[in-house]
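Hey, can you piece these two chains together into the complex? The hints should help.
If you read the protein sequences in the order shown, they are chains A and B. According to UniProt numbering, the residues represented by the first sequence are 1 to 439, in order. According to UniProt numbering, the residues represented by the second sequence are 1 to 325, in order.
No wet-lab data here; the hints were simulated from the structure. Quantities reported herein were computed from a predicted structural model and do not represent experimental measurements. Any given hint might turn out to be false.
Stated by the list, open to error - Pairs of lysine to any residue residues, derived as SDA-like cross-links and limited to a Cα-Cα distance of at most 25 Å, are as follows:
#: 1; chain 1: B; residue 1: Lys87; chain 2: A; residue 2: Pro393
#: 2; chain 1: B; residue 1: Lys2; chain 2: B; residue 2: Ala26
#: 3; chain 1: B; residue 1: Lys2; chain 2: A; residue 2: Glu267
#: 4; chain 1: B; residue 1: Lys2; chain 2: A; residue 2: Arg270
#: 5; chain 1: B; residue 1: Lys87; chain 2: A; residue 2: Ala323
#: 6; chain 1: B; residue 1: Lys87; chain 2: A; residue 2: Glu313
#: 7; chain 1: B; residue 1: Lys35; chain 2: B; residue 2: Val298
#: 8; chain 1: B; residue 1: Lys87; chain 2: A; residue 2: Ala204
#: 9; chain 1: B; residue 1: Lys13; chain 2: B; residue 2: Ala26
#: 10; chain 1: B; residue 1: Lys35; chain 2: B; residue 2: Arg147
#: 11; chain 1: B; residue 1: Lys2; chain 2: A; residue 2: Leu268
#: 12; chain 1: B; residue 1: Lys64; chain 2: B; residue 2: Met96
#: 13; chain 1: A; residue 1: Lys6; chain 2: A; residue 2: Asp40
#: 14; chain 1: B; residue 1: Lys87; chain 2: A; residue 2: Asp69
#: 15; chain 1: A; residue 1: Lys247; chain 2: A; residue 2: Ala349
#: 16; chain 1: B; residue 1: Lys2; chain 2: B; residue 2: Leu91
Here is how the chains run, residue by residue.
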Amino acid sequence: MSTGRKYLLQNVAPYGGERTTVLLADGVIAAIGTDVTDDDATIIDGRGLVLLPGLVDLHTHLREPGREDAETIRTGTRAAALGGFTAVHAMANTTPTQDTAGVVEQVWSLGREAGWADVHPIGAVTVGLEGERLAELGAMAESKAQVRVFSDDGKCVHDPVLMRRALEYVKAFDGVVAQHAQEPRLTEGAQMHEGIVSAELGLAGWPAVAEEAIIARDVLLAEHVGSRLHVCHLSTAGSVEIIRWAKSRGIDVTAEVTPHHLILTDELARGYDPTFKVNPPLRTQRDVEAVRAGLADGTIDIVATDHAPHTREDKDCEWAAAAFGMTGLETALSVVQETMVDTGRLTWADVARVLSETPARIGRVSDHGRPIAVGEPANLVLVDPAARRVINPDEQATKSGNSPFRGRDLSGCVVATFLRGRATVMGGASCDEDVVARA
Amino acid sequence: MKHLLSTGSLSHKQAVRILDTAGQMAATQAREIKKLPTLRGRTVVNLFFEDSTRTRISFETAAKRLSADVINFSAKGSSVSKGESLKDTALTLQAMGADAVVIRHHASGAPHTLAHSGWTNGAVINAGDGTHQHPTQALLDAYTLRRHLTGGGDPSGRDLAGLRVAIVGDVLHSRVARSNVQLLHTLGADVTLVAPPTLLPVGVEAWPAEVSYHLDEVIDTKPDAIMMLRVQRERMSSSGGGFFPSPLEYTRGYGLDARRLAAMPDHAIVLHPGPMNRGLEISADAADSPRAVIVEQVANGVAVRMAVLYLLLSGNESNETKVDA
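Just chain B, same shape as in the assembly (with noise of 0.2 Å):
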């Protein structure tokens, strides 16, 4: 196997092995030359169905950081048929021979389908599914919350054991809480999702993390982080009349606010995937108090994703390093 679809399928090994690159891959990018040899001469392709300028920049610098050829492929709002653009797209790559896709679609499945598909023989990495997956931001994730919460020194080799991750917002449509439940769980941290009902998934209940409908009592148990969630607008106004009154309502309910945040036990941290609704989810105390590590992820997120086009490119298939996800 040669890709990166999801958390889920991670071992704990392989989860701890990316870390640890990553870690390998963040010291290099301390140097004054920044560029590494490693990918000369691969090609990694950005195949982005939906917009996301962030992460696509993220993966754009990490590949050119290992000195591989990127192409930007950007189809959303090309007049393509639906279905049809996934398959001719991903043929087309492969006659331009692509060793690397990173793909972002807005149908949960849509890398899977790429990478059992035959259409291309590149190496496929999720940067995004519909609701389903984004193993690379639960990875970002991962690292950052190892760094600052397991004892300081050199964190390589360790895992999240004991680590209790408070995990709060639009579960529901969160392709970023789906992926790092199993990520976490996998590292061994504790996770609780904190969500009103109607933004928690049917089926919940199956996974591996607790659920609460109350973020002040999940404060009150002290955990060591609190991943806030992106609350989409829209989500205010869909099908039967949003999945909450209003945005006040949810603030009052859900938001990381001054006052939760000095709740939290001092060495806690916030992390969001962003981009960030000021105000809604999160107020801007909260934002840009010194907990919250939310601009180190971004650049954690780089290292992360060379680590991953590493280990999927550079190695041979007998490689006991390889990501087999």
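Next comes chain A alone, as it looks inside the complex (with noise of 0.2 Å):
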């Protein structure tokens, strides 16, 4: 697993703190102390920089196997690399679908072989996404890919009662429903937030309450089975305030929120630029405060992209012909800083939590997302918080270059990512590709 080479990183600041020296050999941290030196490790100039544990994305979309000419694996994961991931939850929608043991299996093992972040894969819930039959949960959990996060998303999970047994079966293995919360009747044919921007652009409207139905009927299933469920992407006020309510009543609800609810709205449907559609929808500048406020307040656990990369074809073309979904993996942590850190809302201890510990809890990963601490291993990231950047989809490692944030200047960017003590990036660039893939 580890390379031999050592690293010591001088005058880093663990979670923004106190700066300190740390030593990572071995694959782990080695030392943690102002008066660590090791002569044989890299020494890396920390001043300024944040040391986090590696981050842990619940939701990317690889698209491999099946749509290898929008994002592969291999690419997927150096853009979760460069933007500071050191793990990476698959979703289930590929073609074949990762709805059985081999296909999950083999998106693990493709992602080892890659060796930029760990890959986890997430089951389908029910066979090809089509919310018929629940797809074989227990053989995939068993499975070498050691599946605990289940979705359909893409596609809800609209049948209540497949729903509760879907809830119901996944505690056999300690598992998670992760539910893409749509109803789908309400929003057939929709192709932006219902309002006032949807009813000027004459396009159809996907309404809050098709989202916050599912959500409130999805907690109470779970309060009445005694599951635990994950809502994906949440991005209304009232999906907020549904998971505050169950959340105060004991309610086992864990949530997301991608970093475009974070920031962008609407209004940007103006231009019927198709970067810009996305599921579920942009939302209004009353619901971006909203999960801001729900994530500043833990209501919202966790951060996650919602990675979805798309082909040219598939974005170049009228609204209504375009295909849903934005690149996230290479600006989700500058996203989160410039609207939570940079804005007082969140502390640098509390990006750890929503983008690595919590989300490798939910998803039952064990070597992620671990405290910055003697013997733990050594997937880390470091962070220059002042640094600012304008964002070229055509320099990022994603395959494709549907980033909404093109052209536009975010704060902070990504110095280096370690995953087992073997740097992925450095210097703010990938490492070289054999390297990784050896080790």
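Quick look at the structure:
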């Protein structure tokens, strides 16, 4: 596992706190202290840099197998590493669908071969995401991929009986159902958030209630059967209220928000640029404010990217014909810093919680999201919070160019990422591909 | 800027200028020789992804009366996959040297995408996109209103200040309604939208218009004009079991019949963008009454489209009469 190479991170600030020096050796954090030195280690001058546990994304679309023209496990995880992630959960809506042990094991092993970040496949809840019968959840849980998160993301498990069964069934192996909350009948043909902008643009509306109604039903189902529920990409003020209520009742529910729902609004649809077409859709400024508040007060547990790469031909067309989704792995941390840290609503320790520790816990990933402490796996990211950069999707590692932040100036950048003590990113650039893959 | 995509971006001055120009165009159409040499050598492409014989013929007539070459391109029914078709078609037309592209498309925003994509250098004229806009329809409606309701004589230079217009029917799916609300507001008219609540969009409260669910109450307020929107038959059977319970119930609540026509002020006129569903949103009595200006709307459509083509294609960039929308 280890390359034998050692790194001495001098004068770094774990969680943005007191400066210290951290030695990485043999894949673990070997020593921490202002007086730590090592003559053989590569020295990194960490003045001004924040050290966080490697980020964990609970919601990534890697597109392989099936749509390798949009992204591959290799390009997607390289993008992840550049974004500071050391583990990603690969969504199940591939072709073939990740609904059998065979497919999830393939995705898991392709991730291992690539070496940029650990890939934890998410299993489909239903066969082919069709919403008709349960996929072999147990087989996926027991496979080498050890699937713990199950989702039909892209589609909602809308049948209440099927959802109830899924919630119950995954208890046997401590799994969680991650729901894409979208009432299908209320969103037939939906193109964007239903409101003032959709009324003017003549685009079919995706009402907030279509998300909130499913979340409300699901938290009650989870309470009834005593199961664990995770809500994907929560996007409305009403959803935040429902989750807050559910948690106050002691329901075992967690919720995620995407970076784009923390910063972008439906006003961006006015130019009919399909880069801003995403599901759930960009909402209003009031919703943006509500999800920020929900993330700040802990109602929303985590930030997950919903990184959704699409080819140019799927976005270079009229709005209605375009695919839903936007990339996010390489901008997530910057958006969180800009919207939550720079505004004083989250500390860097909170960032570690929402982007690493809690997503790892929800996904039951034991070796990520760990404390920065001696003996822990050296899955870490070094961030320069003072940097500013202009986003250019053409220069990103993801294979697709559908970043909504093109030309936008964002806070902060990832300086280095370490996966089990090995640098996947150094000086803000990816390390040598062969070295990464061999390790 | 050199396109006509939406009435929302027309200034008061630009809108009046188009109507005035349309008046000049209409005057030429009373002559024995109707054809003007203005756009000789220019090419206008009618790019229709959706059937609309009436609108296409109107644009075609307008372009030909200005001596432009006209190419009709119907993309409907071809097997081109979604998305690519618009881009590839646009690139093809660009290669053929289209000076203006008149586009009708089923997707809201497609003309906007075409105009801003770099796929064509030509002027883009929106001839109806999805449920978004149909600006030349609104302009011809405004032209018709101005001719009848602003005091007689040459109406040049006038707007529609103080006129009260009711727009009745399927506002939710209507690009005609959206275009008219914005343009009539710009020209100073007061608009009331009348529809069952299921046929009004969420968000309509932000529009510069009043909203009513009751046609009889609105007629009692003595509007100067009433504009009936087409109700498509498929709206009765779609998602959720239809937008209203039955055609009969719709007609009872929102149809314009002889009784309602009689309740309107003597000077009030009736408009309909066509094609009409006689017996559903409008009765034969109303459609054929002397107060209906529906056939005249069609004739005015040619003059308005001539004006738009003329203003977009014949001026130079610094010309202040340029339509900047």
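Hints, verified against the model:
no. : hint                : verdict
1   : B/Lys87 / A/Pro393  : holds (22 Å)
2   : B/Lys2 / B/Ala26    : holds (23 Å)
3   : B/Lys2 / A/Glu267   : holds (24 Å)
4   : B/Lys2 / A/Arg270   : holds (19 Å)
5   : B/Lys87 / A/Ala323  : holds (16 Å)
6   : B/Lys87 / A/Glu313  : holds (10 Å)
7   : B/Lys35 / B/Val298  : holds (18 Å)
8   : B/Lys87 / A/Ala204  : holds (23 Å)
9   : B/Lys13 / B/Ala26   : holds (20 Å)
10  : B/Lys35 / B/Arg147  : holds (23 Å)
11  : B/Lys2 / A/Leu268   : holds (23 Å)
12  : B/Lys64 / B/Met96   : holds (18 Å)
13  : A/Lys6 / A/Asp40    : holds (7 Å)
14  : B/Lys87 / A/Asp69   : holds (20 Å)
15  : A/Lys247 / A/Ala349 : holds (22 Å)
16  : B/Lys2 / B/Leu91    : holds (18 Å)
When the structure is compared with the earlier hints, no violation turns up for any of them.
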